[in-house]
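Chemist: Let the hints inform the model, and build the full structure from the sequences given.
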Amino acid sequence: MTDFAYIGTRPIRHDGVDKVTGRAAYGADFSLPGMLHGAILRSPHAHARIVSIDTSAAEAMPGVKAVITGKDIPPNSAKLVLGGEAALDLHDMGDNLLAHDKALYNGHAIAAVAATTVDDAREAAELIRVEYEVLTPVTGIDQAIAPGAPRLHQAFANNIAHRMELKRGDAESAFKDADVVVEREFRTPMVHQGYIEPHACVARIGQDGRAIVWCSTQGPFVVRDACAAILGMDAALIKVIASEIGGGFGGKIVVYLEPLAILLSKKTNRPVKMVMSRDEVFRATGPTSGTKIRARFGAKRDGTLVAASVSLWYEAGAYRGSPAGAGAMCCLTPYRIPNFFIEAHDVVVNKPKVAAYRAPGSPMAMFATESVVDDIARQLDIDPIELRLKNAVSEGDQAPYGPKYGPIGLKQVLDAAKNHPHYQAPLAANQGRGVACGFWFNAGMNSSATITLNPDGSAAVFTGNPDIGGTRVAQALMVAEELGIPVERVRPHVADTDSAGHTDVTGGSRVCYATGNAVIQAARDVRDQLRARAAKIWKTDVDRVGWEAGRAVSLDGADGSAGRDSKTLTVSDLAAQMPHTGGPIVGRAAVSMPMAGPGFAAHICDLEVDPETGRSTVVRYTAIQDVGKAVHPSYVEGQMQGGASQGIGWALNEEYVFNADGVMENAGFLDYRMPVASDLPMIDTVIVEVANPLHPYGVRGVGEVPIVPPLATVANAMRGATGVRFTELPLSPPRVLQGLTEWRQSTFQAAGPTTQAALTRS
Amino acid sequence: MSVSLRMYLSNHAIGSFFDRLRTSGTEVMSKIHIETTINGEPTEFLCEPHESLLTALRNAVGLTGTKEGCTTGDCGACSVILNGRLVPACLVLAPEAQGATLTTIEGIADGERLHPLQQKFLEHAALQCGICTPGFIVAAKALLDANPNPSEEETRYWLAGNLCRCTGYDKIIRAVMDVAAAGSTK
Chain A
1 MTDFAYIGTR
11 PIRHDGVDKV
21 TGRAAYGADF
31 SLPGMLHGAI
41 LRSPHAHARI
51 VSIDTSAAEA
61 MPGVKAVITG
71 KDIPPNSAKL
81 VLGGEAALDL
91 HDMGDNLLAH
101 DKALYNGHAI
111 AAVAATTVDD
121 AREAAELIRV
131 EYEVLTPVTG
141 IDQAIAPGAP
151 RLHQAFANNI
161 AHRMELKRGD
171 AESAFKDADV
181 VVEREFRTPM
191 VHQGYIEPHA
201 CVARIGQDGR
211 AIVWCSTQGP
221 FVVRDACAAI
231 LGMDAALIKV
241 IASEIGGGFG
251 GKIVVYLEPL
261 AILLSKKTNR
271 PVKMVMSRDE
281 VFRATGPTSG
291 TKIRARFGAK
301 RDGTLVAASV
311 SLWYEAGAYR
321 GSPAGAGAMC
331 CLTPYRIPNF
341 FIEAHDVVVN
351 KPKVAAYRAP
361 GSPMAMFATE
371 SVVDDIARQL
381 DIDPIELRLK
391 NAVSEGDQAP
401 YGPKYGPIGL
411 KQVLDAAKNH
421 PHYQAPLAAN
431 QGRGVACGFW
441 FNAGMNSSAT
451 ITLNPDGSAA
461 VFTGNPDIGG
471 TRVAQALMVA
481 EELGIPVERV
491 RPHVADTDSA
501 GHTDVTGGSR
511 VCYATGNAVI
521 QAARDVRDQL
531 RARAAKIWKT
541 DVDRVGWEAG
551 RAVSLDGADG
561 SAGRDSKTLT
571 VSDLAAQMPH
581 TGGPIVGRAA
591 VSMPMAGPGF
601 AAHICDLEVD
611 PETGRSTVVR
621 YTAIQDVGKA
631 VHPSYVEGQM
641 QGGASQGIGW
651 ALNEEYVFNA
661 DGVMENAGFL
671 DYRMPVASDL
681 PMIDTVIVEV
691 ANPLHPYGVR
701 GVGEVPIVPP
711 LATVANAMRG
721 ATGVRFTELP
731 LSPPRVLQGL
741 TEWRQSTFQA
751 AGPTTQAALT
761 RS
Chain B
1 MSVSLRMYLS
11 NHAIGSFFDR
21 LRTSGTEVMS
31 KIHIETTING
41 EPTEFLCEPH
51 ESLLTALRNA
61 VGLTGTKEGC
71 TTGDCGACSV
81 ILNGRLVPAC
91 LVLAPEAQGA
101 TLTTIEGIAD
111 GERLHPLQQK
121 FLEHAALQCG
131 ICTPGFIVAA
141 KALLDANPNP
151 SEEETRYWLA
161 GNLCRCTGYD
171 KIIRAVMDVA
181 AAGSTK
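So the protein lines, in turn, are chains A and B. Each step along the first sequence adds one to the number in our numbering, with nothing skipped, and position 259 is 259. Each step along the second sequence adds one to the number in our numbering, with nothing skipped, and position 181 is 181.
There is no bait here: all hints are sound.
Partial list, derived from the structure: chain A residues whose beta carbon lies under 8 Å from chain B:
#1 I12
#2 G16
#3 V20
#4 T21
#5 G22
#6 R23
#7 Y195
#8 I196
#9 E197
#10 R278
#11 G638
#12 Q646
#13 M682
Selected chain A positions facing chain B (Cβ under 10 Å, derived; list incomplete):
#14 P198
#15 Y635
#16 G642
#17 D684
#18 T685
FYI, nobody ran anything at the bench for these hints, they're computed from the structure. No experiment lies behind these values; they were computed from the predicted model shown. The C-beta atom is built at its ideal place from N, Cα and C for all residues, glycine as well.
Modeler: In structure tokens, the structure reads:
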């Protein structure tokens, strides 16, 4: 299918007016009569045994209606599997909700209070007396894996919860045949998704045990199933209504508040609202891993990559489950490398438990590998895009993680980068240009869709995916395309867990691909029913009714013979006759989709560095990506621009800063420095479309890939601008200045006495 | 934080109203009755003396279009126009609204007609999740009220007090510049 009437157009999103006028209701915007407010007491220590908790003073305070602690969370060892991106351990999730024996990070929830006002709840939380036995915190990977390090969990020696390997050929021998070998060790800090809307929910449970939860989440079905499993309830007793969601990027899949709000509601027989502060979001939700990565590449003189070895250590935070494995699977995806060895370690440390963050695990891994590939190109004096093209994978090549690639667009993306005017543009003084590739699998998983046809020929489509960035309008476009009705006549709806068929999270770049396919199949179900109605009206067999451009077409000749007459019936004609031809028409589809087509991107960055201060500025940026098919190009560009800017923030400024006690020192937007409008240029985008055969329109998924390339792209531009290879992020002014100073000093010391004397004189 | 917000905060003693209440011997434990004008509508509400304008707007008045992202004045999601000045409602005490004129996101459209900024945000797809959008539109309106023809750099610096994590700002800046270019900023 290549000619589209609606797909690829840019209509105004259906939820747009509500969102530009302030009417759209987000997590914290919902309230109920008689509602109480919850607050959480959190551990001031990064690692401490909880000796005792005395809640009596809090409970005695006027206005306080209930206090809960870890004792109220039943132990649970079951495992909830969420498919590709995260397997959530319910025991750990329950212990993370309210600590049982040990506080495992600064900010770990210890107790929760419900009171008549927010102020009362917060004040009461402060009255809870907790006796701690403070333990030595494990604040980083090197400390965690050192012999004799304190253990977070008895089960994990050296705090390594998991180790995995991937290999092909014989990397060690192949390195001996290489003409050039580059090996470096990289570090990236813990960083946060930085969604602007803090976590928020309202829960109400009745005397019949039936609960309703209103919350901001990427996955209402995950919230329902997690609450049910953690609290030992039937899923049938819980209904989750997703609010509009103010950003998630993977961080709004895990439950932090909802089970507590249900428990507090149960104890008080009143609705309970819980809203996190920004400080709590930083300290106690799920950022992504800080990492240590050692990467080594070997190449022939002509640029052919012959061997690679990559060792990854990822901080999981307080409980196992970092995306180290995904990092291992992603890091060598762009290249045909006959011999490689990859090992990945999942390391527990006294920091918040990490959660998914946009292409979880891939950005850090590819920061390391794409920096080393850049150095290989420099050492061989080969253009970095040419070197990548020479080694680039294409259809039929085996991915490092196992399967053979189907149609993929890496070479097309690299060609587009090479031919982009940006790549040819001259650079000014103190500027450098970097390029790097990025990869993400793009998830599939399970989705459902229902479409109802209205008597006037308009339609409504229901799915279970909260709309985080334009998925409603994308789904409406698909219905419009299939039924041939204007996109404005399709009403897309995010349904609650009682009203939609099971649908996995809004995440994994899967909504347009997997849920989109469910929507298309549901629309085709409607179309088939419309054809049957036309057959009934025309008193012919349904096989004799075709469908063209939004109307049923009779395939019978005017005289009843084969051939075709000019009889047609539009959707509106058929919808108007529904009551007389068989009743309402509802289309439905449920799909279980394999992992989508792999997505590749290449980014180009021009960075200007002030050699006196170390401050750098992105002066030009271009993001190029194979998206398969852009359903609504504006929102595809938006994903590419947004991912690029998050990655630029990661590269240049963002980091969790912990003191020696493991306490986060920058839990606010002033000191956790995300990019603002004056930090960035316009971000140019090039959409490459190599159709994904797994989707009817070729959709591949778009949202995650664009955060992967920027880390190395920016670092490679920094290398170009300064001559210094930086291996630790962020490239903040102090770090860059220090690096430049050390480089100047070492260069000076390495110079001969004559040069030194000349430099000293000047 | 935009330059205008910084100036406002540095010139303004946040606690001054509270201090006046104390020195005048008013019992500060009871709620304060505030009369103000919000989006052209005379409005009354009760608030605690220490309550922020943001929580009063959202809870007492019921205008939830103004969003809370941080309560420290760093994200701009709660941008409102107070007596003609762009401020983060989280850093203004609710009692300071006494006798003031306030514009929130709910007052930007002219009845059934969207403000040109709202229209251009939609046309440019200048929002993804939309949580920062009310703050951006209010801040951009304050910009265009003060400077109907801003350069891209002026626009970027004015809006530097508003965080957006989804868009990379590209389409937001284009939408605002487009409104300025069309010259219909009211």
